Amino acid sequence: MEYILQILPSLLSGARMTLSIFFWTLLGALPLGLIVGLGLTSRFRPFKAVLRLYVWLMRGTPLLLQLIFVFYGLPMIGFTLERYPAALFAFILNYTAYFAEIFRGGLQSIDPGQYESAKVLRLTYWQTIRKIVTPQVVKIVLPSIGNEVINLVKDSSLVYVIGLGDLLRAGNVATSRDVTLVPLVLVGIIYLLMTAVLTFVLRKCEQHYSYWK
Amino acid sequence: MLELKNITKSFNQRIVWKNLSLKIQDGQILCVVGQSGGGKTTLLRCISGLERLDKGQMLLDGQPFDPIASRNNDAVIGVVFQDFQLFPHLTVLENITLAPKLALKESNQTAVEAARELLTKLSLADKADLYPYQLSGGQKQRVAIARALAMKPKILCYDEPTSALDPGLRDKVKAIILQLKAAGMTQIVVTHDWEFAQQIADQTFKIEPQKQ
Numbered sequence: 001m002e003y004i005l006q007i008l009p010s011l012l013s014g015a016r017m018t019l020s021i022f023f024w025t026l027l028g029a030l031p032l033g034l035i036v037g038l039g040l041t042s043r044f045r046p047f048k049a050v051l052r053l054y055v056w057l058m059r060g061t062p063l064l065l066q067l068i069f070v071f072y073g074l075p076m077i078g079f080t081l082e083r084y085p086a087a088l089f090a091f092i093l094n095y096t097a098y099f100a101e102i103f104r105g106g107l108q109s110i111d112p113g114q115y116e117s118a119k120v121l122r123l124t125y126w127q128t129i130r131k132i133v134t135p136q137v138v139k140i141v142l143p144s145i146g147n148e149v150i151n152l153v154k155d156s157s158l159v160y161v162i163g164l165g166d167l168l169r170a171g172n173v174a175t176s177r178d179v180t181l182v183p184l185v186l187v188g189i190i191y192l193l194m195t196a197v198l199t200f201v202l203r204k205c206e207q208h209y210s211y212w213k
Numbered sequence: 001m002l003e004l005k006n007i008t009k010s011f012n013q014r015i016v017w018k019n020l021s022l023k024i025q026d027g028q029i030l031c032v033v034g035q036s037g038g039g040k041t042t043l044l045r046c047i048s049g050l051e052r053l054d055k056g057q058m059l060l061d062g063q064p065f066d067p068i069a070s071r072n073n074d075a076v077i078g079v080v081f082q083d084f085q086l087f088p089h090l091t092v093l094e095n096i097t098l099a100p101k102l103a104l105k106e107s108n109q110t111a112v113e114a115a116r117e118l119l120t121k122l123s124l125a126d127k128a129d130l131y132p133y134q135l136s137g138g139q140k141q142r143v144a145i146a147r148a149l150a151m152k153p154k155i156l157c158y159d160e161p162t163s164a165l166d167p168g169l170r171d172k173v174k175a176i177i178l179q180l181k182a183a184g185m186t187q188i189v190v191t192h193d194w195e196f197a198q199q200i201a202d203q204t205f206k207i208e209p210q211k212q
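So the sequence lines, in the order shown, correspond to chains W and H. Here the first sequence stands for residues 1 to 213, where the numbers follow the UniProt record's numbering. Here the second sequence stands for residues 1 to 212, where the numbers follow the UniProt record's numbering.
It is worth saying that the hints were derived from the structure and are not from the lab. Predicted model, so just to flag it, every value in this text is computed and none were measured. Virtual Cβ for every residue (Gly too), placed ideally from N, Cα, C. Where hints are given, some of them may not hold.
Claimed, not checked - Residues on chain H that point at chain W, a partial pick, calculated with CB under 10 Å:
1. Pro64
2. Phe65
3. Ile77
4. Val79
5. Gln85
6. Leu86
As the list claims (entries may be wrong) - The calculated BS3-like cross-link candidates involving lysine-lysine, where the alpha carbons are at most 25 Å apart (straight line), are:
7. W/Lys119 - H/Lys101
8. W/Lys131 - W/Lys119
9. H/Lys121 - H/Lys105
10. H/Lys101 - W/Lys131
11. H/Lys101 - H/Lys152
12. W/Lys204 - W/Lys131
13. H/Lys127 - H/Lys174
14. W/Lys154 - H/Lys152
15. H/Lys55 - H/Lys18
16. H/Lys105 - W/Lys119
17. H/Lys172 - H/Lys154
18. H/Lys154 - H/Lys23
19. H/Lys127 - W/Lys213
20. H/Lys172 - H/Lys55
21. W/Lys131 - H/Lys152
22. H/Lys55 - W/Lys119
23. H/Lys23 - H/Lys5
24. H/Lys127 - W/Lys131
25. W/Lys213 - W/Lys119
26. W/Lys139 - H/Lys172
27. W/Lys119 - H/Lys152
28. H/Lys174 - W/Lys131
Extracted from the complex, chain H is given alone in its bound form (with noise of 0.2 Å):
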């Protein structure tokens, strides 16, 4: 379970958001929406350890956690980037095998192994060896995921996973989210889009922008 507790985060006197608190339960799914600019993304930044919070504190299973000082090998966040930021000189099973390779030790059979069987569990099997250019914007998508989860997260996240897509890939992310749900997944999805978070999600939280 991650808890959030009374976190504040500001930018140069402006505030994103103020004594926020939040719990999320393990295995499920929170839909954090929102206005654009009402600080989701700052939200998601802040629980990937991409920023530091200003206020408050962060509780993993109960143990105080701070993503930024944790930089051992126990990879507890993962982050599925709205622009995918997938490294494009490299194929898609380099990408999904490097950190696991760097960060975790794991050794090049091992790393390849789990890549091929995530890459199969979401359909891009017959993709490992193409670079990210010759993707879709599906196929990129599902390949961040499959980099994500190869460090074996304990939280996966969403940065607005429906904004890059045709409306007819929407039902393909949502199968996906589902699916690694099912397998015990806990998931955070920041989005606007209101109509998938309440097709997903177990608890939505809503971010109002700040009155300054």
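Chain W extracted, bound-state conformation (with noise of 0.2 Å):
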């Protein structure tokens, strides 16, 4: 027990690393994750073929292998991020990538009468797009984007590769150190912690949402 006190310290601070990447990273994906969304639902095919591109690459590599490239090959051409902005920049682009494939499907599944009964009511698009399509989608998403509002809670842990001390670097160092597996423990039970209070908060928008149909 007082071993477990003379750690906490540490791994709560390593926890206050985890959150932040992780409340940043929302914060900045979900708005350009529906963005980008939009544009892959636009009829402007080169627009949507760059985008596409960007999608593939974010998907089709590793977070590890991006956050690395940021880190230590952006310098190479004259772009040097400090860890933590290098952290979130790569966060933010591979995570845009993922809700705007979940945004685009949520987009497309949106009836295409809703917008001709907005049109001939005469809303604009964008206020189409604000009062009548994005409600919709958030109701359909939500699921989906939990999904990986969870698993943005353990990707953070990724970032120890460019030196930056989160929750799991913080275990990492305390059993190595004491050679104990206790501090690896905590550090699980932490993330369940996170991930448990997240479920609960996804739990309550969905049913935040359960009014209509």
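Two chains, each in its own frame: build the complex with the hints.
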């Protein structure tokens, strides 16, 4: 018990890094994902081709590789980022691609008649997207987004590769220093607590949208 | 008065109709009848600005009229779709007030008052706070009518208003259409239901499938 209290502060400071990567990635990638998703359903082909290439690159290569590339590779072409912004940059780029595909699916499942009835009611395109399409898409995509959100908590552990001190790294350091598995068990418990809270929040979100069918 | 002059529409070389001309007098009911696949709905989509004409002209009170271009605030053509296309995430009241508020810039109070009045007229006053999934087919249709009327259109169009309803509800739709006529509304009804057309029409127009 004493040992746990002794290592807990370092684990919690690691958890803070994990949460901050998680939070800022979501804040950036969700709106960007919606915009890229809209782009993927647009009729302008060259634009769509570029976005598809981007999605393919981001989903087709490991996030770990992308992290390494942003932090160690980009400086070679004169684009240097600090560790933390580099991690956020790679995470947002990667998660935007996944969210974009989810939003694309949601957008395509909206009945074209909804756009038409908005059009004869004289709503502009953006009013239609904001007031008619987005609320319906959000309800449809929530379960899939939730999946990615849970994944993001665990994926954030990849930042150790560019030397950021997150939760997993804090546990690893303690384990190799003190030759005990206790820190890693604690790390597991903290991850489980975080995902439990998220699962609860996501379920509340889904319930919030259950007032209509 | 809405006048269509020598209008032609085709999709990928397939002619839907050619050199079609038609006049609708103010306050009257025009029924467009014909077999399915004959282009009735396409005509309605052209009039409401959802499709572009290949050739020909539309005149509204003698002035050239392009429903696609006229995206300003004077809503001219209202449409009641076959499957209604209510917005599922909005209540009945919100469905009706959304467009007047966004497109006509009406205040919330004005829009809500007008909507409640329409709901009362269409005997839906107690349904204002329900969501579309909680309504029957006939009720959904009346909400769609109220939503179109809230934009104060000069002409109201219906696409197959009887097809999604039980036979008993046909008379109810008929009553509503005639009630709107009495109030001076010009209406275009696209239907394959001959009997229904004969009961309400001042003028019927038959669209024949084109021989290719």
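| request: Return the numbers of the hints above that this structure violates; sort them in rising order. | output: Result: hints 1, 2, 14, 20, 26, 28 break, sorted rising.
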